[in-house]
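Chains as they are written, first to last, in the working numbering: chain A, 9 to 321; chain B, 86 to 342.
Derived by calculation from the structure, the hints in this document are not laboratory data.
Heads up, the beta-carbon is just placed ideally off N, CA and C, and yes, glycines get one too.
Only true hints are included.
Derived Cβ-Cβ restraints for the label pairs, each shown as a range:
id: 1; chain 1: B; residue 1: 175; chain 2: A; residue 2: 105; range: 30 to 36 Å
id: 2; chain 1: A; residue 1: 68; chain 2: B; residue 2: 100; range: 51 to 57 Å
id: 3; chain 1: A; residue 1: 295; chain 2: B; residue 2: 102; range: 55 to 61 Å
id: 4; chain 1: B; residue 1: 213; chain 2: A; residue 2: 147; range: 41 to 47 Å
id: 5; chain 1: B; residue 1: 98; chain 2: A; residue 2: 308; range: 38 to 44 Å
id: 6; chain 1: B; residue 1: 213; chain 2: A; residue 2: 106; range: 26 to 32 Å
id: 7; chain 1: B; residue 1: 102; chain 2: A; residue 2: 315; range: 54 to 60 Å
id: 8; chain 1: A; residue 1: 115; chain 2: B; residue 2: 94; range: 25 to 31 Å
id: 9; chain 1: B; residue 1: 106; chain 2: A; residue 2: 72; range: 53 to 59 Å
id: 10; chain 1: A; residue 1: 60; chain 2: B; residue 2: 185; range: 46 to 52 Å
id: 11; chain 1: A; residue 1: 72; chain 2: B; residue 2: 98; range: 54 to 60 Å
id: 12; chain 1: A; residue 1: 60; chain 2: B; residue 2: 333; range: 21 to 27 Å
DSBU-like, lysine-lysine: derived pairs with alpha carbons at most 35 Å apart:
id: 13; chain 1: B; residue 1: 179; chain 2: A; residue 2: 122
id: 14; chain 1: A; residue 1: 253; chain 2: B; residue 2: 164
id: 15; chain 1: A; residue 1: 302; chain 2: A; residue 2: 190
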Amino acid sequence: MLSFISFSRPTDSTYHQSTRHHPDVEGLMDVDDDDLTGSEPRLTCPGETITSSQAFMRGHGTYVDKEDVIASVAGTVERVNKLVTVRAIRTRYNPEVGDLVVGRITEVQPRRWKVDANSRQDAVLMLSSVNLPGGVQRRKLESDELQMRNFFEEGDLLVAEVQAFFSDGAMSLHTRSLKYGKLRNGQLVTVPPILVRRLKSHFISLPCGVDLILGLNGYIWVSKHMKDTDQGEEGFDAEAVYSNKNEDIDNATRAAISRVGNIIRVLADHFVPLTDSLLLEAYEWVIEQEGDAKYLLLGDAGDALVAAMSVRG
Amino acid sequence: MAQSAGDRRRINGPEESFSPVFDDDEEDIKLKTQRSRAAGDIRPIFLQPGLISQANGSAYIETDKTKIACAVYGPRQTKTTTYSEKGRLNVEVKFTPFSCMRRRAPIRDAEDRSLAVSIHQAIVSSIRLELFPKSTIDVFITIIENDGIEGCIASASVAASTALADAGIEMLGLVSACSAAIVGDDIHLDPSEAEARASSGTVILACMPALDNVTSVWQSGHMTADMALKCMERCHERCIDIHSIVAQSLLEHRTAA
Numbered sequence: 009m010l011s012f013i014s015f016s017r018p019t020d021s022t023y024h025q026s027t028r029h030h031p032d033v034e035g036l037m038d039v040d041d042d043d044l045t046g047s048e049p050r051l052t053c054p055g056e057t058i059t060s061s062q063a064f065m066r067g068h069g070t071y072v073d074k075e076d077v078i079a080s081v082a083g084t085v086e087r088v089n090k091l092v093t094v095r096a097i098r099t100r101y102n103p104e105v106g107d108l109v110v111g112r113i114t115e116v117q118p119r120r121w122k123v124d125a126n127s128r129q130d131a132v133l134m135l136s137s138v139n140l141p142g143g144v145q146r147r148k149l150e151s152d153e154l155q156m157r158n159f160f161e162e163g164d165l166l167v168a169e170v171q172a173f174f175s176d177g178a179m180s181l182h183t184r185s186l187k188y189g190k191l192r193n194g195q196l197v198t199v200p201p202i203l204v205r206r207l208k209s210h211f212i213s214l215p216c217g218v219d220l221i222l223g224l225n226g227y228i229w230v231s232k233h234m235k236d237t238d239q240g241e242e243g244f245d246a247e248a249v250y251s252n253k254n255e256d257i258d259n260a261t262r263a264a265i266s267r268v269g270n271i272i273r274v275l276a277d278h279f280v281p282l283t284d285s286l287l288l289e290a291y292e293w294v295i296e297q298e299g300d301a302k303y304l305l306l307g308d309a310g311d312a313l314v315a316a317m318s319v320r321g
Numbered sequence: 086m087a088q089s090a091g092d093r094r095r096i097n098g099p100e101e102s103f104s105p106v107f108d109d110d111e112e113d114i115k116l117k118t119q120r121s122r123a124a125g126d127i128r129p130i131f132l133q134p135g136l137i138s139q140a141n142g143s144a145y146i147e148t149d150k151t152k153i154a155c156a157v158y159g160p161r162q163t164k165t166t167t168y169s170e171k172g173r174l175n176v177e178v179k180f181t182p183f184s185c186m187r188r189r190a191p192i193r194d195a196e197d198r199s200l201a202v203s204i205h206q207a208i209v210s211s212i213r214l215e216l217f218p219k220s221t222i223d224v225f226i227t228i229i230e231n232d233g234i235e236g237c238i239a240s241a242s243v244a245a246s247t248a249l250a251d252a253g254i255e256m257l258g259l260v261s262a263c264s265a266a267i268v269g270d271d272i273h274l275d276p277s278e279a280e281a282r283a284s285s286g287t288v289i290l291a292c293m294p295a296l297d298n299v300t301s302v303w304q305s306g307h308m309t310a311d312m313a314l315k316c317m318e319r320c321h322e323r324c325i326d327i328h329s330i331v332a333q334s335l336l337e338h339r340t341a342a
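Extracted from the complex, chain B is given alone in its bound form (with noise of 0.2 Å):
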């Protein structure tokens, strides 16, 4: 029960207290899953790179309720004593306690990684990681707010691939992620939760638009071939149009640098 205790450095709260969680009734889920934008539209993006300040690059992301900060430290020499031929790469994802609806103990658990490791395969092919020997690149991401988790897995993407070209860093291109789900039978692109939570499967997509190649492909949940392949197709489609923000931000940034 040692664990149990938690991290006695933080205000950690009482152990167990949630507020009443009534069940929705139909209405309700209707009414939630209900989208003031068409089903092929995103949430608007605000990405703005260079926040924080201690970091080599950095980039905050929002998209409506999704807020994300994303810093990059490195290359820096691993500390193991291994050698390697090629760089590393290491994501780290942490929720704040209130990013959820229900809080969030601030203890690493299996969805942090699970993200991580999605974050990490979005990314990872763009990093020219031949360049580092030796070296390692950390990528720190704080979940600020959580509107649906396939939501944050792309906005998370975009902002660590921002992040590493703010820090200068070496990559084949600009990583940009989108995606989908299926409710009904429509593809709503860039759900949120309540759209998340009552669809049948979602999907992911990251790609690297500049080059037109595809990084990494997430599907949960289950929907016909058919589907996904159109799926994949929605979400290209919009990476094209996110691209274009990170390219633009990112050069207004380097303008007003």
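Okay, chain A solo, but in the shape it has when bound (with noise of 0.2 Å):
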């Protein structure tokens, strides 16, 4: 089945400009004048040269034919000092070690779990990095990869760190703190993993009552504020943490997951990187606004919001 979208509205785009490189890398970005730093961001297609290889080194989504960079995606060209890359603006996530992610089990495998992250191979998750129900450290036993299904199933999202990489390519995953681990009281938006940048912290609490984690390969879980237990490592619920069952949620918390779940829609319609404040902001705004969670999505109230966060930012 094909759904169409519309075709692409014009939108003010000096908003996302202005907000194309992290601020610590803005002033590396224009070291001097040539004609890889103009006070434009450079777009670029597969094959097009970029620059010689000579005064250059290349970077990702570039390579190197007899002397020249050229393009190996179209999006932007970046430039630090001598290192040359093109960022494409749609594309998978690539992961680095000490990243969180959200993730979905799409299999289990002999003490492994399969897991979708939004990259170009399926991550793992083996059974000896998740923590055991009740807490224990110990060696997993033939008794627990029998009972595999119990901790996670296909279908089930978790959040959890990329820990290693494999020879091939694949991300092995690690689920050992309390912060991880099976999600649930919520709800999942995807969009491009380009938009969520490196945070100090991705666990972000609104004032709302909703909990945000934003997993940098683009999937973001929006759920119920859990209360902070003050229970240490060794004597965590162990029903909770790989239970499939909701809590209550009342209707205003519902109603403000949704809320939060469309703002985070119509931030990455109009492509605008996501950080907790912008986030915190938009909320207020939408609640001045005084609609129901579904008006955000309707007629022009979008590109109001993203216009209102604009001025401010």
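Assemble the dimeric complex from its two separately framed chains, guided by the hints.
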């Protein structure tokens, strides 16, 4: 089944251009004045020669052919000192060790789970890199292997950290922290991975009783706020961690969750990078407008939101 | 006869029903093959990347009556367990039931596959498959309206390449393709169905104009070697124009996003 989105609407492009780079990098981008460093981001297409390989180093999204650096993806040319990269706007997630990702179990295999994390290959979650219910630290036994589906089943969502890479480039995940594990009480919103920046913390609590997990792979979990339990590593609640049951969620929280979800969708549609402060401001703006959750997706409300945010930012 | 029941989830329509087809007389053929444009001109192209929201990349191309949608999924992990150092490219072509003069039953037949093979050949060498071990890239092409199979192959190759670029897949260069037919003694570029039927031979050329590389040449019917070379030359010139259309549509899509 095909679903066609509407023809691309012209948006005010100055906003995301102004936030194109991290402020730390911004200064490095305009070192001197040759053709690679304009104020406008330069766009390129596969096969286009960017520069000569003698003066520059090739980065991601480029290849070298006979002393020329040539783009291999369509996107914006970026330069940090001598390194030239081309960043594609819509692309798969490129994992790095330590990244926080949200994923979905696709398969249960001997001593491992396969996880879809929006990457080029399925991620792997080894049985040895999950916490056992009850918090006991021990080797995983054969009995644990037999009840792997009690921990994670096909279709379950989880939050994890990238632990390492296999030799073929597939990433290995771990959930060995109380913050990680199975997800419930909320909804998943997917955005292009490029929009999620590396933040100090990817677990965000909005004051409206909504928790956010910004996975670097573009999967965002929007859920009911969980109370911080001050139990130590040892005594965490075994049942809750691998539970498949949602808790009771009252109507106000449900509305808040879908409102936040819709804000993220609108911002992603307009290609605005997501940060915690931006989401907070956007939520406050939406409350001021006194619309219900779906109002954002109708008519010009989305454009108005983005316009309001660009004024503040 | 189990097959003849067709797909029971679809509305299959009557088993056999054709509108009467009359023999074209000479006049008609002449009228149909008469072009409103010069022999060296191609039909105007409308190209729009990113039309299918759930795909990783997509493109829609329209050249006059030929209308093709293309969706790219991946790179994603190959489902089979065998290890492969290089990525795989799957191309699947589907005709809509209303795409041709005669109703096309929604069953895969030989033509789908031969189209898929030639499109695969046109784009496979442009993709840096060595960067995607164990992965598969799926390209799904839906032919919504068909006006000449040569034009379809050429347009579909262009659309597929645009969709791959839209998906952010690493490529050596953009592929553009053009077809030519020999009608009488003339070379008609981008022939319509009627022209192709009246022609003695056709050529489809796919190339990467940015790198000045040819990725695929497909010649059928009979023509002299001289003529074939001339066809390729003309096609190559048009490919350069098509390349700038593709590049421009991608850049416009980027600035609009």
